Amino acid sequence: MAQDSGSRTLISAAQLQRGKGKYVYWTLLTLVVLGFTLVFIGPLYWMVTGALKTGQEVAQTPPTLWPRHPNFSNYTSAWQNLNLGKLLFNTFYYAAGAVLFQLVLDTAAAYAFSKLRPALGNVILGAMLGTLMIPTIVLVVPQYVTVIDLPVLHLNMLDSPFAIWLPLVTNAFNIFLLKRFFDSIPDELMAAAQVDGAGPLRTLWSIVLPMSRPILGVVSIFAVTYVWKDFLWPKLVMPSPETRTVSVGIYAFSGGSSQNEIIAASVIAAIPTVIIFLIFQRNIMSGLTAGSVKG
Amino acid sequence: MAIITATRPVDRSSAAAPARARRGRKIRDNLTGYTFLAGAILCFAVFTWYPMVRGIIMSFQKTRRGVTTWVGLDNYTRIFADPSFWPAWKNTVYFTVLALVVGYAVPFFVAILLNELRHAKGYLRILVYLPVMLPPASALFLFKFYAYDPSDAGLFNAVLKFLHLPTSQWMQSPGATMPAMVIASTWMNMGSAVLIYLASLQNIPGELYEAAELDGAGLWRRIWNVTIPQTRLILGLLAMMQIVATMQVFVEPLILANGAGTQDSATTVAYLIYQHGFFQNDLNGAAALGVVMLGALAVFSAFYLRLTTKND
Amino acid sequence: MSAPQYRKVTAFALAAGLGLSLAACSTKSDDDGASADGKVTITVDCMPVGTEKDLLANWNADVAAFQQANPDITVKSVSVGTQCNNPPDFTARLAGGTTTDVFYGYMTDLQQVLDSGQAADITPYLNKDNISTWDDVDPALKSVFTDGGKTYAVPVKNYSMGLVYNKVLFQKAGLDPASPPKTWAEVRTAAKKIAAADPGVAGYADYSAGNTGGWHFTAEIYSQGGQILSADGKKADFNNAMGKQVLQNLKDMRYGDNSMGSRQLLQWGDLLTNAAAGKVGMFVGAPDATQAIVSQFKGKYEDWAVAPLPGQDGLAKSTLGGGEGYFFKKGLTDAQIKAGLKWVAYEKLTVGKGQFDYPRAKPQNYPVGVPQPLLFAKDSATAKAEFDLRKANANVDPSIYSQFESQQLPIKGEPRNAQAIYAVLDSAMSAVLTDPNANIDALLKTAEEKVNQLLAAGS
Numbered sequence: 006m007a008q009d010s011g012s013r014t015l016i017s018a019a020q021l022q023r024g025k026g027k028y029v030y031w032t033l034l035t036l037v038v039l040g041f042t043l044v045f046i047g048p049l050y051w052m053v054t055g056a057l058k059t060g061q062e063v064a065q066t067p068p069t070l071w072p073r074h075p076n077f078s079n080y081t082s083a084w085q086n087l088n089l090g091k092l093l094f095n096t097f098y099y100a101a102g103a104v105l106f107q108l109v110l111d112t113a114a115a116y117a118f119s120k121l122r123p124a125l126g127n128v129i130l131g132a133m134l135g136t137l138m139i140p141t142i143v144l145v146v147p148q149y150v151t152v153i154d155l156p157v158l159h160l161n162m163l164d165s166p167f168a169i170w171l172p173l174v175t176n177a178f179n180i181f182l183l184k185r186f187f188d189s190i191p192d193e194l195m196a197a198a199q200v201d202g203a204g205p206l207r208t209l210w211s212i213v214l215p216m217s218r219p220i221l222g223v224v225s226i227f228a229v230t231y232v233w234k235d236f237l238w239p240k241l242v243m244p245s246p247e248t249r250t251v252s253v254g255i256y257a258f259s260g261g262s263s264q265n266e267i268i269a270a271s272v273i274a275a276i277p278t279v280i281i282f283l284i285f286q287r288n289i290m291s292g293l294t295a296g297s298v299k300g
Numbered sequence: 055m056a057i058i059t060a061t062r063p064v065d066r067s068s069a070a071a072p073a074r075a076r077r078g079r080k081i082r083d084n085l086t087g088y089t090f091l092a093g094a095i096l097c098f099a100v101f102t103w104y105p106m107v108r109g110i111i112m113s114f115q116k117t118r119r120g121v122t123t124w125v126g127l128d129n130y131t132r133i134f135a136d137p138s139f140w141p142a143w144k145n146t147v148y149f150t151v152l153a154l155v156v157g158y159a160v161p162f163f164v165a166i167l168l169n170e171l172r173h174a175k176g177y178l179r180i181l182v183y184l185p186v187m188l189p190p191a192s193a194l195f196l197f198k199f200y201a202y203d204p205s206d207a208g209l210f211n212a213v214l215k216f217l218h219l220p221t222s223q224w225m226q227s228p229g230a231t232m233p234a235m236v237i238a239s240t241w242m243n244m245g246s247a248v249l250i251y252l253a254s255l256q257n258i259p260g261e262l263y264e265a266a267e268l269d270g271a272g273l274w275r276r277i278w279n280v281t282i283p284q285t286r287l288i289l290g291l292l293a294m295m296q297i298v299a300t301m302q303v304f305v306e307p308l309i310l311a312n313g314a315g316t317q318d319s320a321t322t323v324a325y326l327i328y329q330h331g332f333f334q335n336d337l338n339g340a341a342a343l344g345v346v347m348l349g350a351l352a353v354f355s356a357f358y359l360r361l362t363t364k365n366d
Numbered sequence: 079m080s081a082p083q084y085r086k087v088t089a090f091a092l093a094a095g096l097g098l099s100l101a102a103c104s105t106k107s108d109d110d111g112a113s114a115d116g117k118v119t120i121t122v123d124c125m126p127v128g129t130e131k132d133l134l135a136n137w138n139a140d141v142a143a144f145q146q147a148n149p150d151i152t153v154k155s156v157s158v159g160t161q162c163n164n165p166p167d168f169t170a171r172l173a174g175g176t177t178t179d180v181f182y183g184y185m186t187d188l189q190q191v192l193d194s195g196q197a198a199d200i201t202p203y204l205n206k207d208n209i210s211t212w213d214d215v216d217p218a219l220k221s222v223f224t225d226g227g228k229t230y231a232v233p234v235k236n237y238s239m240g241l242v243y244n245k246v247l248f249q250k251a252g253l254d255p256a257s258p259p260k261t262w263a264e265v266r267t268a269a270k271k272i273a274a275a276d277p278g279v280a281g282y283a284d285y286s287a288g289n290t291g292g293w294h295f296t297a298e299i300y301s302q303g304g305q306i307l308s309a310d311g312k313k314a315d316f317n318n319a320m321g322k323q324v325l326q327n328l329k330d331m332r333y334g335d336n337s338m339g340s341r342q343l344l345q346w347g348d349l350l351t352n353a354a355a356g357k358v359g360m361f362v363g364a365p366d367a368t369q370a371i372v373s374q375f376k377g378k379y380e381d382w383a384v385a386p387l388p389g390q391d392g393l394a395k396s397t398l399g400g401g402e403g404y405f406f407k408k409g410l411t412d413a414q415i416k417a418g419l420k421w422v423a424y425e426k427l428t429v430g431k432g433q434f435d436y437p438r439a440k441p442q443n444y445p446v447g448v449p450q451p452l453l454f455a456k457d458s459a460t461a462k463a464e465f466d467l468r469k470a471n472a473n474v475d476p477s478i479y480s481q482f483e484s485q486q487l488p489i490k491g492e493p494r495n496a497q498a499i500y501a502v503l504d505s506a507m508s509a510v511l512t513d514p515n516a517n518i519d520a521l522l523k524t525a526e527e528k529v530n531q532l533l534a535a536g537s
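These protein sequence lines map, in sequence, to chains A, B and C.
Just so you know, the first sequence maps onto residues 6 to 300 in the working numbering.
Just so you know, the second sequence maps onto residues 55 to 366 in the working numbering.
Just so you know, the third sequence maps onto residues 79 to 537 in the working numbering.
Please keep in mind that the hints were generated in silico from the structure rather than gathered at the bench.
It should be emphasised that the depicted structure is a prediction, and the values quoted were computed from it without experimental measurement.
It cannot be assumed that every hint is accurate.
[As the list claims (entries may be wrong)] The calculated lysine-lysine pairs, modelled on DSSO-like cross-linking and capped at a C-alpha distance of 27 Å, are:
#	chain 1	residue 1	chain 2	residue 2
1	C	K329	C	K462
2	C	K206	B	K215
3	C	K440	C	K408
4	C	K456	C	K329
5	B	K116	A	K27
6	C	K131	C	K378
7	C	K206	C	K378
8	C	K462	C	K206
9	C	K456	C	K235
10	B	K116	C	K329
11	B	K80	A	K120
12	C	K220	C	K408
13	C	K245	C	K270
14	C	K154	C	K235
15	C	K469	C	K131
16	C	K376	C	K440
17	B	K116	C	K235
18	C	K469	C	K456
19	C	K312	C	K322
20	C	K469	C	K312
21	C	K250	C	K270
22	C	K462	C	K431
23	B	K175	A	K25
24	B	K116	C	K228
25	C	K431	C	K131
26	C	K250	C	K376
27	C	K378	C	K271
28	C	K220	C	K462
29	C	K271	C	K245
30	C	K376	A	K91
31	C	K408	B	K116
32	C	K322	C	K235
33	A	K91	C	K154
34	B	K144	A	K234
35	C	K523	B	K144
36	C	K271	C	K395
37	C	K456	C	K260
38	A	K234	B	K175
39	A	K91	C	K322
Pulled out of the complex, with its shape left as it was, chain A reads as follows (with noise of 0.2 Å):
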């Protein structure tokens, strides 16, 4: 990941060396480093011990530094009380099958695509990208509809894992993304392959998925941000507590409780993704970087 010191970016090494060369960049990356942490470190820390003080306190003003008495009770009551757990392990099971849904469904088609090639490809290829101009906030309520009544089937898919992770297959851009990098592997290769005996599903396995390790990882973390982030549709298909997602569940119990409570709450959400993030930071950095579209 670390900038190799021979690549030359906008402003030279060789005039950050040099007398006020080096002097500004010493002023700017301190500067840089402590305005970063204040902005991004800084409301973190406001949270964590905001949650340790008093509905009194917090209310006072001036604001108070660090609390004076601090009182874990908004933690404890915040995960009895709001099932916190559950929460959690929702959200990373609906990411986790998000994730799974969106490799296996979208990958097959962006294959079909890409190289299998069947008449009318195209058009259809043209319908789905055409979704990509549509915000989802358009489709949400006869989308909902439908989630409620699913056409033939007569299913009602609330409360049900699939709400989510079906509909999140229609992912065009995730689609484009695999097939622009699957047209890049060589026809060649293919045709090797199919010289040898394989069939398009072997292929697929052991030629084009080892190959496209970078833009599966993308795609997975994309899957996996995206439903962390999601807030209206798991609102409308999880009504229920128990199948609530962390968000939802939060904003669900903001409405009858203290403000520390709900902030107590929101920090503990938080920890077990920063936490992985802490772990994986460098794999989904250099996942980013490596399989991001080339500019």
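Since the structure of chain A is provided, determine the placement of chains B and C on it from the hints.
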């Protein structure tokens, strides 16, 4: 889902055989192709294409006591006459533009800055990405309760007061609502954009800067003539995605401003759809709003495409 | 992820196939609740959430006791969140047909429930045989859940609004906690004194978001003698002198005296958070607001008292009443409806049981002595029995509610389409509380137009 593995039919020595075999293979290839596509097509059909048609149909209907009837343009006249309709559009467009200016330019310059620094790179990258890890509701409650508290106990007001600057009523002041929402939204979302920009910045060949510098181009000229053209594709793509994403801003007004804010200062089209569909028991009106938004976007896309293709 | 993992994942999902996964996507089991041995199962929502520990334990104990007494009935309880009726979720469940067999709704939800076609007509079942106290239930409450001569729900809660005030802050400001304000002018004076005594405190606080603003506007215009809709329910009727007075009172306190604090756009939980933190002098609320302040927001009973709602000159001309009931899902069997009614009767309408089990509530952190819910007709035998049991087990200072109870005001129900109308009125409330230059006439005019449109669309 069975993959076709049947062996080729035995070659018969008839004149028509090669042609038939070719046609046979073609059919089989198409079948294989569609087998791979089936899952995605089914999902698109059920959850995107069909709802699109259904949304349009719903917008001309009404359902009372389980009975659905056609009502012509009633739903449309009603939503157009809703006093919140135009404020919602104004707010949505305002938010989109503001988010584009702030949420698009800020990450780009942050990425350029981070790309230039030779130290603390990992640390800074993690910092920028950290808010993305918060559940959106958590981040927004943080802003709502602590940062945008209109009394002097609020974090922002305390800082402003400390600096002897005028304090703000934040979400309670119609003028400050949208900028405050954009700040919160940018803070919690910019991490992803920064990383994507960084990746594309690292793909710019160093020689280009070298050459520009030899031509006597200063810092800004180099950004303008090298950095931006070299990242144009990704910039264009992200701009498009950003617009589509910010057009449906929902959770920010819902949590920060309890939905409508003060005098519809926070109402967005997405919130209006939600309000009609799920508070006012008016799913058909909500569907009509969706169709109107679809139309507006279609016009916008056509315009955008024309603009970009003309430039090329 | 390594390549073999992809392979496994792909293999699994391809094998499963989309068709299979759809089939596997199980939905709520649609059994009709009756098994071969004559047992009946009913699902009931609005079970208390974990936050309310005592209430949840009581509920579970009640279910156990009820099932023991009725071995052929199984009650399955479902919790739907801190607020039993969160409008969007409620709409979603109604539209999706995923309500429980016996489901909770506000009095104002009747039209929406009927529109959805989800409720059963239970008129033939409503008699003494199924609910022993039915004849003593206030007829006004029964009529709220009746449409076209058919009744669709059993009322289980009924409240009316008063003025909730903080006695400690009253004392601090040199006011007499025993004589709370009786008119809006007195409220204004008191608020000014309270805010002056402690600059961090709002003398008076009011809602302006999440539909609660409209709810309180309604209560306040009732106090003026006004109404939200015309008698036939077809037109808005608040754009008049009384509606203006409501907003003017608020504007005067907010910007004239600066006695309402700077935090606005409050909804239910926000205001009660501030109140429990000792930052609110007075607010309009039902007596059970004191319960919420203590059990959910960690405040203290001793600090609070409830007075009758003030009016423009003298006490309020009338106050807002509201409440809740249990609906029955369409398609239930005869036995299920009877079992459901039996459960509702046990838990909600029997003195000494369920919500009226005062001896059990006495030692818990839950007040006995709150003069609500007013479910039974005045002077009926059941009402008297309830009153006596409550007095005998009171665990909070009765003076907290005595003012409210001794001066009962005429009660007016919520308007038709209440939630949608409240959403409209929220914006008028938020405007006077956040904009010093708000134009009250224009605000009311806009709101009136909007409500009229809404009514036209709904018919």
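Hint-by-hint comparison with the structure:
1. At most 27 Å may separate the alpha-carbon atoms for a hinted pair to count; K329(C) and K462(C) exceed this at roughly 43 Å.
2. With a C-alpha separation of about 67 Å, the suggested pair K206(C) and K215(B) falls outside the 27 Å cut-off, and the hint is violated.
3. Taken as a hint, the K440(C) and K408(C) pair is broken in the structure, with Cα atoms around 38 Å apart against an allowance of 27 Å.
4. With a C-alpha separation of about 38 Å, the suggested pairing of K456(C) with K329(C) is violated against the 27 Å cut-off.
5. Proximity of K116(B) to K27(A) is assessed by CA-CA distance (about 70 Å); at most 27 Å being required, the pair is judged violated.
6. Between K131(C) and K378(C), the direct Cα distance comes to roughly 17 Å. Compliance with the 27 Å bound is thereby established for this hinted pair.
7. At most 27 Å may separate the alpha-carbon atoms for a hinted pair to count; K206(C) and K378(C) exceed this at roughly 40 Å.
8. A threshold of 27 Å between alpha carbons decides the hint, and for K462(C) with K206(C) the separation of about 18 Å falls inside it, so the pair holds.
9. About 15 Å separates the Cα atoms of K456(C) and K235(C), which keeps this hinted pair within 27 Å; it holds.
10. Taken as a hint, the K116(B) and K329(C) pair is broken in the structure, with Cα atoms around 40 Å apart against an allowance of 27 Å.
11. Annotation: proposed proximity of K80(B) to K120(A) holds, straight-line Cα distance about 14 Å (limit 27 Å).
12. A distance of roughly 19 Å separates the Cα atoms of K220(C) and K408(C); the hinted pair therefore holds under the 27 Å criterion.
13. The straight-line distance between the Cα atoms of K245(C) and K270(C) is roughly 15 Å, inside the 27 Å bound, and the hint therefore holds.
14. Annotation: proposed proximity of K154(C) to K235(C) holds, straight-line Cα distance about 21 Å (limit 27 Å).
15. Under the criterion of a C-alpha separation no larger than 27 Å, the hint pairing K469(C) with K131(C) is consistent with the structure, at around 24 Å.
16. Straight-line distance between C-alpha atoms of K376(C) and K440(C) comes to about 18 Å, which keeps the hinted pair within the 27 Å bound.
17. The straight-line distance between the Cα atoms of K116(B) and K235(C) is roughly 33 Å, outside the 27 Å bound, and the hint therefore fails.
18. Among the hinted pairs, K469(C) with K456(C) is consistent with the structure: their alpha-carbon atoms are about 16 Å apart, no more than 27 Å.
19. At most 27 Å may separate the alpha-carbon atoms for a hinted pair to count; K312(C) and K322(C) meet this at roughly 21 Å.
20. Distance restraint check for K469(C) and K312(C): the Cα-Cα separation of roughly 44 Å exceeds the 27 Å cut-off, and the hinted pair is therefore not satisfied.
21. For the given pair, K250(C) sits about 13 Å from K270(C) by alpha-carbon distance, which is consistent with the 27 Å threshold.
22. Of the supplied pair hints, the one linking K462(C) and K431(C) holds, its CA atoms being roughly 15 Å apart against a limit of 27 Å.
23. Taking the CA atoms of K175(B) and K25(A), the gap is near 22 Å; set against the 27 Å cutoff, the hint holds.
24. Distance check on the hinted pair: K116(B) and K228(C) sit about 24 Å apart at the alpha-carbon level, within 27 Å; holds.
25. Restraint check for K431(C) and K131(C): the C-alpha separation of about 18 Å stays at or below 27 Å, so the hint holds.
26. For the hint linking K250(C) to K376(C), the alpha-carbon distance of about 21 Å falls within 27 Å, and the restraint holds.
27. Of the supplied pair hints, the one linking K378(C) and K271(C) holds, its CA atoms being roughly 22 Å apart against a limit of 27 Å.
28. Among the hinted pairs, K220(C) with K462(C) is consistent with the structure: their alpha-carbon atoms are about 19 Å apart, no more than 27 Å.
29. Annotation: proposed proximity of K271(C) to K245(C) holds, straight-line Cα distance about 13 Å (limit 27 Å).
30. Taking the CA atoms of K376(C) and K91(A), the gap is near 25 Å; set against the 27 Å cutoff, the hint holds.
31. At most 27 Å may separate the alpha-carbon atoms for a hinted pair to count; K408(C) and K116(B) meet this at roughly 22 Å.
32. This hinted pair does not check out: K322(C) and K235(C) have alpha carbons roughly 32 Å apart, beyond 27 Å.
33. Among the hinted pairs, K91(A) with K154(C) is consistent with the structure: their alpha-carbon atoms are about 20 Å apart, no more than 27 Å.
34. Taking the CA atoms of K144(B) and K234(A), the gap is near 25 Å; set against the 27 Å cutoff, the hint holds.
35. Under the criterion of a C-alpha separation no larger than 27 Å, the hint pairing K523(C) with K144(B) is consistent with the structure, at around 21 Å.
36. Simply put, K271(C) and K395(C) have alpha-carbon atoms about 26 Å apart, close enough for the 27 Å limit, and the pair holds.
37. At most 27 Å may separate the alpha-carbon atoms for a hinted pair to count; K456(C) and K260(C) meet this at roughly 25 Å.
38. Taking the CA atoms of K234(A) and K175(B), the gap is near 26 Å; set against the 27 Å cutoff, the hint holds.
39. Straight-line distance between C-alpha atoms of K91(A) and K322(C) comes to about 49 Å, which puts the hinted pair past the 27 Å bound.
This entry does not satisfy hints 1, 2, 3, 4, 5, 7, 10, 17, 20, 32, 39, going by the numbered hints stated previously.
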